[in-house]
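2 protein chains.
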Amino acid sequence: MATLKVPVHVPSPSEDAEQLRKAFEEQAMTMNCFRYSLAGWGTNEQLIIDILAHRNAAQRNSIRKVYAEAYGEDLLKCLEKELTSDFERAVLLFTLDPAERDAHLANEATKKFTSSNWILMEIACSRSSHELLNVKKAYHARYKKSLEEDVAHHTTGEYRKLLVPLVSAFRYEGEEVNMTLAKSEAKILHDKISDKHYTDEEVIRIVSTRSKAQLNATLNHYNTSFGNAINKDLKADPSDEFLKLLRAVIKCLTTPEQYFEKVLRQAINKLGSDEWALTRVVTTRAEVDMVRIKEAYQRRNSIPLEQAIAKDTSGDYEKFLLALIGAGDA
Amino acid sequence: MATLKVPVHVPSPSEDAEQLRKAFEEQAMTMNCFRYSLAGWGTNEQLIIDILAHRNAAQRNSIRKVYAEAYGEDLLKCLEKELTSDFERAVLLFTLDPAERDAHLANEATKKFTSSNWILMEIACSRSSHELLNVKKAYHARYKKSLEEDVAHHTTGEYRKLLVPLVSAFRYEGEEVNMTLAKSEAKILHDKISDKHYTDEEVIRIVSTRSKAQLNATLNHYNTSFGNAINKDLKADPSDEFLKLLRAVIKCLTTPEQYFEKVLRQAINKLGSDEWALTRVVTTRAEVDMVRIKEAYQRRNSIPLEQAIAKDTSGDYEKFLLALIGAGDA
Numbered sequence: 001m002a003t004l005k006v007p008v009h010v011p012s013p014s015e016d017a018e019q020l021r022k023a024f025e026e027q028a029m030t031m032n033c034f035r036y037s038l039a040g041w042g043t044n045e046q047l048i049i050d051i052l053a054h055r056n057a058a059q060r061n062s063i064r065k066v067y068a069e070a071y072g073e074d075l076l077k078c079l080e081k082e083l084t085s086d087f088e089r090a091v092l093l094f095t096l097d098p099a100e101r102d103a104h105l106a107n108e109a110t111k112k113f114t115s116s117n118w119i120l121m122e123i124a125c126s127r128s129s130h131e132l133l134n135v136k137k138a139y140h141a142r143y144k145k146s147l148e149e150d151v152a153h154h155t156t157g158e159y160r161k162l163l164v165p166l167v168s169a170f171r172y173e174g175e176e177v178n179m180t181l182a183k184s185e186a187k188i189l190h191d192k193i194s195d196k197h198y199t200d201e202e203v204i205r206i207v208s209t210r211s212k213a214q215l216n217a218t219l220n221h222y223n224t225s226f227g228n229a230i231n232k233d234l235k236a237d238p239s240d241e242f243l244k245l246l247r248a249v250i251k252c253l254t255t256p257e258q259y260f261e262k263v264l265r266q267a268i269n270k271l272g273s274d275e276w277a278l279t280r281v282v283t284t285r286a287e288v289d290m291v292r293i294k295e296a297y298q299r300r301n302s303i304p305l306e307q308a309i310a311k312d313t314s315g316d317y318e319k320f321l322l323a324l325i326g327a328g329d330a
Numbered sequence: 001m002a003t004l005k006v007p008v009h010v011p012s013p014s015e016d017a018e019q020l021r022k023a024f025e026e027q028a029m030t031m032n033c034f035r036y037s038l039a040g041w042g043t044n045e046q047l048i049i050d051i052l053a054h055r056n057a058a059q060r061n062s063i064r065k066v067y068a069e070a071y072g073e074d075l076l077k078c079l080e081k082e083l084t085s086d087f088e089r090a091v092l093l094f095t096l097d098p099a100e101r102d103a104h105l106a107n108e109a110t111k112k113f114t115s116s117n118w119i120l121m122e123i124a125c126s127r128s129s130h131e132l133l134n135v136k137k138a139y140h141a142r143y144k145k146s147l148e149e150d151v152a153h154h155t156t157g158e159y160r161k162l163l164v165p166l167v168s169a170f171r172y173e174g175e176e177v178n179m180t181l182a183k184s185e186a187k188i189l190h191d192k193i194s195d196k197h198y199t200d201e202e203v204i205r206i207v208s209t210r211s212k213a214q215l216n217a218t219l220n221h222y223n224t225s226f227g228n229a230i231n232k233d234l235k236a237d238p239s240d241e242f243l244k245l246l247r248a249v250i251k252c253l254t255t256p257e258q259y260f261e262k263v264l265r266q267a268i269n270k271l272g273s274d275e276w277a278l279t280r281v282v283t284t285r286a287e288v289d290m291v292r293i294k295e296a297y298q299r300r301n302s303i304p305l306e307q308a309i310a311k312d313t314s315g316d317y318e319k320f321l322l323a324l325i326g327a328g329d330a
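Chains X and G supply the protein sequences, listed in that same order.
The first sequence: position 100 = 100 (the working numbering), numbered continuously.
The second sequence: position 320 = 320 (the working numbering), numbered continuously.
Simulated from the structure, these hints should not be mistaken for lab results.
Remember, it's a predicted structure, so these values are computed and weren't measured experimentally.
It is possible that part of the hints are untrue.
[As the list claims (entries may be wrong)] Covered stretches of chain G (in silico footprint by chain X; criterion: 3 or more residues with CB under 8 Å from a CB of chain X, positions within the stretch not fixed): (1) 128-141; (2) 159-170; (3) 209-218.
[Claimed, not checked] In silico lysine to aspartate or glutamate, EDC-like type, Cα no more than 16 Å apart, as pairs: (4) G:Lys161 / X:Glu201; (5) G:Lys212 / G:Glu173; (6) X:Lys196 / X:Asp240; (7) X:Lys161 / G:Glu69; (8) G:Lys144 / X:Glu176; (9) G:Lys22 / G:Glu73; (10) X:Lys161 / G:Asp200; (11) G:Lys161 / X:Glu158; (12) X:Lys137 / G:Glu173; (13) X:Lys161 / G:Glu201; (14) X:Lys161 / X:Glu131; (15) X:Lys144 / G:Glu173; (16) G:Lys161 / X:Glu202; (17) G:Lys196 / G:Asp240; (18) X:Lys137 / G:Glu131; (19) X:Lys187 / X:Glu202; (20) X:Lys262 / X:Asp274; (21) G:Lys196 / G:Asp233; (22) G:Lys235 / G:Asp195; (23) G:Lys137 / X:Glu287; (24) G:Lys137 / X:Glu131; (25) G:Lys144 / X:Glu175; (26) X:Lys144 / G:Glu176; (27) G:Lys192 / G:Glu202; (28) G:Lys212 / G:Glu158; (29) X:Lys161 / X:Asp200; (30) X:Lys144 / G:Glu175; (31) X:Lys161 / G:Asp191; (32) X:Lys65 / X:Glu18; (33) G:Lys77 / G:Asp97; (34) G:Lys144 / X:Glu173; (35) G:Lys161 / X:Asp200.
[As the list claims (entries may be wrong)] Not close to chain G: a few residues of chain X, all C-beta gaps over 10 Å, as computed: (36) His9; (37) Gln19; (38) Lys22; (39) Lys65; (40) Ser85.
Think of the CB as a built atom: it goes at the ideal place given N, C-alpha and C, for glycine as much as any other residue.
Work out the full structure, taking the sequences as your base and the hints as a guide.
Following this line, the structure appears as structure tokens:
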């Protein structure tokens, strides 16, 4: 369930586009007239928040389209010019279409200075098959190559062995489960893990090709038959980075809200906090399952996510994130 | 270019469905009245050929839909009941929607008694990214699991290592080529092949993720820089089955008409000929690139494909195949 709040009466895309244009122009004037004063800034940014943090993906796409037609400029480019820092990144990411946003995040994750196996894993494992497919299509369109080839090219060793099949997957999404298979594959997983063969091709095959429903059945069998949840057995060496990632794969595939809760918790608790992670999780999940992530957060941290974010962030960035996670009215 | 010939004035799907129904009913009558005579059979089967071998995929789909609505029966099931042997398989395969047909062929290829790494490779490498994607969707819908999981489950060792990435691929389809990359990856391929590391993950990565245009550029560089076409270097041990498959991958990705020419040549030249291969290539390529395959066949064998097929097959099966490869009028 989404936390995004859309007003009952939504202005037309052209009204929204016009308001955004005004916000930019006012700001430009303000900047000319009172270059060294910050007066006026707040108003404009509030308007941007009021509009963009309260429109769903289809509505934001329409606004972008209408904006480009009316003013001959890309809304995203204008936002980029007008905004700065964490607020800028949050607004830009959220305004993007979900598939384009994921393609952008995945592309960053294959680049040298922003490389991240975790983000690639997160996109591969927490999105539905069709969402992931749309990410791949957006990747083709934007970068003129495939997500898989960039992931394969920019990873090595055991990480490549795991990540390439994960991003390549087009899992079956139905609820049908084969119990005989679940039993036999639970045993395979247990045998390999007992022998510490964590990168065995059978382990990779099972986690990267089976449907989420089938995998769930397999892991339930694992738990019942061998006495431990698989992620407990995967903690043999708590400092092993590959094992950490593999546990996250399991979590992301079976209980994504718990996975995202943990990312948020670590981002917020970090000294100085990790705004990139915070922004990523809030912008990508606000329209998907943020209600459940918030429940998981409250349960685990005994403090509402809104409060934790408010304590940790400030200004327009804070306002924007809080709007996305459903604090206040639309 | 397709060899399939569709008449200028195509009857409506309901007229076609009605004609097919009549063909079945006449046949049923014939079978009752003259059980031990073959009189009458030809006519009905000729009608089936006249219709189904001269309608494109969209038209055949419409006929199936209208047929099911009008008679409450699946056209494919009726064809299965009425026809036999190679003719039956050819008509059934061709009548299927291309994506459903490939899903069916791929599923057979993962089954114990019809298992074939070659057919999996052929489907993965000769179809466009979007065609392959539609095969995967059809596979989900029909078998309630994913193509990748069945391929991964039913293959082992080096074959799994190659085939799973190939069927998982969603290659970029644009013409853009990165020449620096082509050079560096040509060198990687040459190094690995010189060391006989044919199943090296870099080799698999390059052939399974790069766009066909990019791969082509890489292989051209290979040829220019190292003096041999890659497939020549991959012939070090001519009896090695994995190397054979790897050469076929390269051929299928870069010159599919040559690949299919060879499959046809071997199917026809085999003692007793290989009807399954013949049927597969003719039914899957008639609407795609059979014109070029026929050219390649004539060039390589100095005999037109029509003549070779006519010499090697007979009866309705022969008539159906010849109709599909464009012999005679629509």
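Hints breached by this structure:
The structure breaks hints 7, 14, 23, 28, 31; every other hint is satisfied.
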